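Peer 1: Residue-level listing of the chains:
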Amino acid sequence: MSILTQEQTKKISDRVMSLTKADECIVNIEGSTIGNIRFARNAVSTAGLADDTRVQVQVAFGKKQGTATINEFDDKSIERAVRRAEDLAKLAPDNPEFIPAIAKTAYKPSDTFVQKTADIDPEYRAQAAAYAIEGCRKRGLVSAGFFTDRTSFETVANSNGLFGHQASTSLDFTLTVRTEDGRGSGWVKRSARDVSKFDPREAAEIAIEKALRSVDAKALEPGRYTVIMEPAATSDLLSFMLGGFDARRADEGRSFLSKAGGKNRLGDKLFDSQVNIWSDPWDKDVAVLPWDENMLPRERVELVKDGKINALDYSRFWAQQKNQRAVGAAGNIIMAGTNKTTEELIANTKKGVLVTRTWYIRMVDPQSVLLTGLTRDGTFYVENGKIKHPIKNFRFNESPVSMLNNIEEIGKPVVIGADEARYSMLIPSMKIRDFNFTSLSDAV
Amino acid sequence: MERRKFLQIGAGTAGAMLIPVFGNAIAAEDLLKPMAASAKKVLADTAMGAATQAGASYCDVRIGRYLNQFIITRDLNVESINNTESSGVGIRVIADGAYGFASTNSMTPDGIAQAARQAVAIAKANAKLQTEPVRLAPVKGVGEVAWATPIVKDWRTLPVKEKADMLIAANKAGLDAGANFMTASLFQINQQKYFASTDGSYIDQDIHRLWAPINATAVDQKTGKFRSRGGLGAPASMGYEYFDAKAADKVRAAGGVTTLYTRSYDIVEDARLAGKQAREKLTAKSVEPGKYDLVLSPEHLFLTIHENVGHPTELDRVLGYEANYAGTSFAGLDKWQTKKFKYGAERVNFVADRTTPGSLGLIGYDDEGVPAKKWDIIRDGILVNYQATRDQAHIIGEKESHGCSYADSWSTVQFQRMPNVSLEPGKARLTPDEMVQDVKKGIYILGRGSYSIDQQRYNFQFGGTLYYEIKNGKITGPLEDVAYQANTQEFWNACSAICDERDWRMGGSFFDGKGQPSQVSAVSHGSSTTRFNGINVINTARKIG
Numbered sequence: 001m002s003i004l005t006q007e008q009t010k011k012i013s014d015r016v017m018s019l020t021k022a023d024e025c026i027v028n029i030e031g032s033t034i035g036n037i038r039f040a041r042n043a044v045s046t047a048g049l050a051d052d053t054r055v056q057v058q059v060a061f062g063k064k065q066g067t068a069t070i071n072e073f074d075d076k077s078i079e080r081a082v083r084r085a086e087d088l089a090k091l092a093p094d095n096p097e098f099i100p101a102i103a104k105t106a107y108k109p110s111d112t113f114v115q116k117t118a119d120i121d122p123e124y125r126a127q128a129a130a131y132a133i134e135g136c137r138k139r140g141l142v143s144a145g146f147f148t149d150r151t152s153f154e155t156v157a158n159s160n161g162l163f164g165h166q167a168s169t170s171l172d173f174t175l176t177v178r179t180e181d182g183r184g185s186g187w188v189k190r191s192a193r194d195v196s197k198f199d200p201r202e203a204a205e206i207a208i209e210k211a212l213r214s215v216d217a218k219a220l221e222p223g224r225y226t227v228i229m230e231p232a233a234t235s236d237l238l239s240f241m242l243g244g245f246d247a248r249r250a251d252e253g254r255s256f257l258s259k260a261g262g263k264n265r266l267g268d269k270l271f272d273s274q275v276n277i278w279s280d281p282w283d284k285d286v287a288v289l290p291w292d293e294n295m296l297p298r299e300r301v302e303l304v305k306d307g308k309i310n311a312l313d314y315s316r317f318w319a320q321q322k323n324q325r326a327v328g329a330a331g332n333i334i335m336a337g338t339n340k341t342t343e344e345l346i347a348n349t350k351k352g353v354l355v356t357r358t359w360y361i362r363m364v365d366p367q368s369v370l371l372t373g374l375t376r377d378g379t380f381y382v383e384n385g386k387i388k389h390p391i392k393n394f395r396f397n398e399s400p401v402s403m404l405n406n407i408e409e410i411g412k413p414v415v416i417g418a419d420e421a422r423y424s425m426l427i428p429s430m431k432i433r434d435f436n437f438t439s440l441s442d443a444v
Numbered sequence: 001m002e003r004r005k006f007l008q009i010g011a012g013t014a015g016a017m018l019i020p021v022f023g024n025a026i027a028a029e030d031l032l033k034p035m036a037a038s039a040k041k042v043l044a045d046t047a048m049g050a051a052t053q054a055g056a057s058y059c060d061v062r063i064g065r066y067l068n069q070f071i072i073t074r075d076l077n078v079e080s081i082n083n084t085e086s087s088g089v090g091i092r093v094i095a096d097g098a099y100g101f102a103s104t105n106s107m108t109p110d111g112i113a114q115a116a117r118q119a120v121a122i123a124k125a126n127a128k129l130q131t132e133p134v135r136l137a138p139v140k141g142v143g144e145v146a147w148a149t150p151i152v153k154d155w156r157t158l159p160v161k162e163k164a165d166m167l168i169a170a171n172k173a174g175l176d177a178g179a180n181f182m183t184a185s186l187f188q189i190n191q192q193k194y195f196a197s198t199d200g201s202y203i204d205q206d207i208h209r210l211w212a213p214i215n216a217t218a219v220d221q222k223t224g225k226f227r228s229r230g231g232l233g234a235p236a237s238m239g240y241e242y243f244d245a246k247a248a249d250k251v252r253a254a255g256g257v258t259t260l261y262t263r264s265y266d267i268v269e270d271a272r273l274a275g276k277q278a279r280e281k282l283t284a285k286s287v288e289p290g291k292y293d294l295v296l297s298p299e300h301l302f303l304t305i306h307e308n309v310g311h312p313t314e315l316d317r318v319l320g321y322e323a324n325y326a327g328t329s330f331a332g333l334d335k336w337q338t339k340k341f342k343y344g345a346e347r348v349n350f351v352a353d354r355t356t357p358g359s360l361g362l363i364g365y366d367d368e369g370v371p372a373k374k375w376d377i378i379r380d381g382i383l384v385n386y387q388a389t390r391d392q393a394h395i396i397g398e399k400e401s402h403g404c405s406y407a408d409s410w411s412t413v414q415f416q417r418m419p420n421v422s423l424e425p426g427k428a429r430l431t432p433d434e435m436v437q438d439v440k441k442g443i444y445i446l447g448r449g450s451y452s453i454d455q456q457r458y459n460f461q462f463g464g465t466l467y468y469e470i471k472n473g474k475i476t477g478p479l480e481d482v483a484y485q486a487n488t489q490e491f492w493n494a495c496s497a498i499c500d501e502r503d504w505r506m507g508g509s510f511f512d513g514k515g516q517p518s519q520v521s522a523v524s525h526g527s528s529t530t531r532f533n534g535i536n537v538i539n540t541a542r543k544i545g
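Protein sequences, first through last, are from chains C and U.
Per my numbering, the first sequence starts with residue 1, numbered consecutively.
Per my numbering, the second sequence starts with residue 1, numbered consecutively.
Think of the hints as simulated: they come from the structure by calculation, not from any bench.
Be aware that a few hints might be false.
Said to hold, decoys possible - In silico DSSO-like pairs for lysine-lysine, Cα to Cα no more than 27 Å straight-line: (1) Lys269(C) - Lys543(U); (2) Lys259(C) - Lys276(U); (3) Lys64(C) - Lys161(U); (4) Lys427(U) - Lys441(U).
To be verified - With the Cβ distance kept under 7 Å, some of the chain U side facing chain C (calculated, not the full set): (5) Ala247; (6) Tyr458; (7) Gln461; (8) Thr540; (9) Arg542.
Stated by the list, open to error - Some chain C residues well away from chain U (every beta-carbon gap over 12 Å; in silico): (10) Arg15; (11) Ala118; (12) His165; (13) Gly182; (14) Leu212; (15) Ala347; (16) Pro413.
The structure displayed is predicted, hence computed values, not measured ones.
Positions of the beta carbon are idealized from the N, C-alpha and C atoms, including for glycine.
Isolated chain C, as found in the complex (with noise of 0.2 Å):
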């Protein structure tokens, strides 16, 4: 039941919208499979299966609204719905930023859904746990990890004619590998929307590779160093950043790209001229739905041209403000790269530190979008380019607006989930001058 059909979810919306006695009638369908397996100290400790299912049913007379959802698809279950949404919306207040459902408008579907992932059985998933499982325990060492995928539809619909519905798949797998004697650590990310781009083993070996070379890890006084960040290093700090290109925000002082007076950083250069950072739904890699959450179109937006901040995000009822045009809110973020490997990226760097992974990223001030955070479960200090010593971990404190302003080189990207982020994200590995890490963790 979880997985509905196009013909399926009509019959529910047009069900909802001759039901309605409202002025207009939003809908909005969705459904998943979620299944994982979790596994640690070398044995599973959880797997599941997740099944849900919701309709919601949002009405409006004039500025009045209401909402109601149910899991229930019965003609009964569903009047009740529209019902309880209109008594809701009768005894609201106005809502004075309210904003009409949008035009009927034909989406552009993207390439969001693949079979073979939406095949993927517990055998499947209790395999890509073996591998790491079975390969740490040949060599002595210890796993824990999470490999969880995802097959969902969504359907959007409103009374002036508009209607959308597309399938999409997904999977995550995450793997830390730690020695018996915890003196070391290594991890693995690894997202997809295809099944048959996942080499569990592959990515078992390099997490079992990190953790061997990451053994008695020295000291190395904090300070500024050139860093070579792996994707999954910088995609929490891209995403916080990415936060405040909300124009709304920007226009009233409450972001990194507000001016003194009243303005906001729109055309001006804060970024290397490397940089370059867009979202679009139909990107082959990371392609995403393409509506957004108030099934808005997407398109393809440059945020980041050349270094300038090019685009931001306006929501519909701020782009009535300000006369200009809303576009769908990003659903992924892409970084332009190059072909180098990461490997490429250490042989061309006389001193630096090499980052796998972040962790426990926060905001420490809004204004500068200075972020904390640790590096973790593989930290190696590199010299006349190569990889000499795994090194203790940092804390640091530094702004991705001034990480992206000291780009010295950018590798190839890589299609990575991030770990608190709401986008799929297509990010490059980078090497950085003057990162600033502030003090050691002996967390290993």
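For chain C, the structure is supplied; the task is to place chain U on it using the hints.
Peer 2: Then chain U, alone, in the frame of chain C:
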């Protein structure tokens, strides 16, 4: 780890609107009429019967109905009122020595029996990779019992308009006092949880929690500088009476720099002070980096306790079950086994307690049917115990579980989550004002700020909401750009004074994240104002572009 889940919830689309917005009792009678315990018992017995028949040696069943209401306001507008309802059944089994779990929102006998059989099948599949069988500490079945959070006013019965008006009044007070932007939100949670197990327990619980975070932002148009001040109220496991502010529940901060709150919360007053103080922060002196004696108010210290003591003493982290995500712990079994590991100064005593009135972790029974209890974690500065579930108790030589099992939904599997972990008050009489008098060069920190700690809980950097400079025993004025960095063990060994029980109060984390898939739980941490000598303070001001 304090996750940002609440931001996602706040920014999300509206959930199930199953209760009235403005007054009329459209569906309130449904909300206030939980499924009869006798009907839940029938379903639970069906699940346990099916699981046992399929080969389970143990089975527990959680039948849950979760009602949430989130009200989000900005300035003088209500941005959204989201109501969600979720019901279903989670079934955990042990078969062939391994766990299996399955959940379903199909509340029919057939649907539940099918989920039970699926859980057994998963357990048997997992058993192939199991190195040793699951071993559960015994729990005596309690038969059919019920427990409910003590509340006076049920949020479900109150008109939403009354709540929205309160938030708007708070925003108006903040704007009038100097803020350019105000937000105030109200999160209300009701968990109707039924637990049954093959041990012979049938436990019906009705749990309530609420939280009203606010935020004031002031902007200096000329310089482009902006600063924020969050609320100083705590989330609580209480009824809506929490917002009936009483004078007796107000606390004057050291030096009278602001007002703080205990068993009730004056959100409008706090918002007014937030607006005023956000504006003051624009011109506050930037801190000179260096070593300071820190005087930390409970509204700030709770999160330090959460990160420094709560998480490192979770036994699943110690053992490595969270190694891939939340991390492990420096407080390993080897340190505990010595019975000499000096976690903190001798005056430092931490107690885990699921029975503290008003605390977010207050329950009657955990999600394994274990009765709520209280126990020592750190006594006289020495690490003496951890937080354990039934399958972990034998590892630390305990004969019974600590009752630390929790799942955030009927659809998620229960695992080890922290109880309320609190710092005991100082034994000698001492007020915050008296504590400040002994400080030559220090900083008084109030409210939660930016928190980050490494995956084994050694190196941390924490900030607050309000900072005041202390010079020669006196609070001299506000500071800005403050964060302190230390190592957990060094920090708690630098604890030089703790105010007495008159100053003891709780802060809380409403959406604490852990596990894969990540789950949230709510937990409180109590303390009195506490001083730490010679802590490294950095200046966080930066210039960009």
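Peer 1: Take the hints in turn and mark each one as holding or not.
Peer 2: Going through the hints against the structure:
Taken as a hint, the Lys269(C) and Lys543(U) pair is honoured in the structure, with Cα atoms around 15 Å apart against an allowance of 27 Å. Restraint check: the Cα-Cα separation between Lys259(C) and Lys276(U) comes to about 23 Å, which is no more than 27 Å; the hinted pair holds. Using a Cα cut-off of 27 Å, the hinted pair Lys64(C) and Lys161(U) holds, with the two alpha carbons roughly 14 Å apart. Restraint check for Lys427(U) and Lys441(U): the C-alpha separation of about 25 Å stays at or below 27 Å, so the hint holds.
Look at Ala247(U): its Cβ only gets to about 32 Å from chain C, farther than 7 Å, so that hint breaks. The restraint placing Tyr458(U) at the interface with chain C holds, with a minimum CB-CB distance near 5 Å, inside the 7 Å limit. This hint holds: Gln461(U) has a C-beta 5 Å from the nearest C-beta of chain C, less than the 7 Å allowed. At its closest, the beta carbon of Thr540(U) sits 5 Å from a beta carbon of chain C; the interface hint therefore holds under the 7 Å criterion.
Evaluation of the Arg542(U) hint against chain C yields a held restraint, the C-beta minimum of about 4 Å falling below 7 Å. Every CB of chain U lies more than 12 Å from the CB of Arg15(C), the least distance being 18 Å, so the non-interface label holds. Every C-beta of chain U lies more than 12 Å from that of Ala118(C), the closest at about 19 Å, which supports listing it as non-interface. With a least beta-carbon separation of about 18 Å from chain U, His165(C) lies farther than 12 Å from that chain, consistent with its non-interface assignment.
Gly182(C), annotated as away from the interface, has a beta carbon of chain U within 12 Å; the closest lies near 8 Å. The Cβ of Leu212(C) sits about 16 Å from the closest Cβ of chain U, beyond the 12 Å cut-off, so the non-interface label holds. Every CB of chain U is more than 12 Å from the CB of Ala347(C) (nearest about 30 Å), matching its label as outside the interface. With a cut of 12 Å on Cβ distances, Pro413(C) stays outside the contact zone with chain U, its closest approach being about 24 Å.
Against the hints set out earlier in the document, violations occur for numbers 5 and 13.
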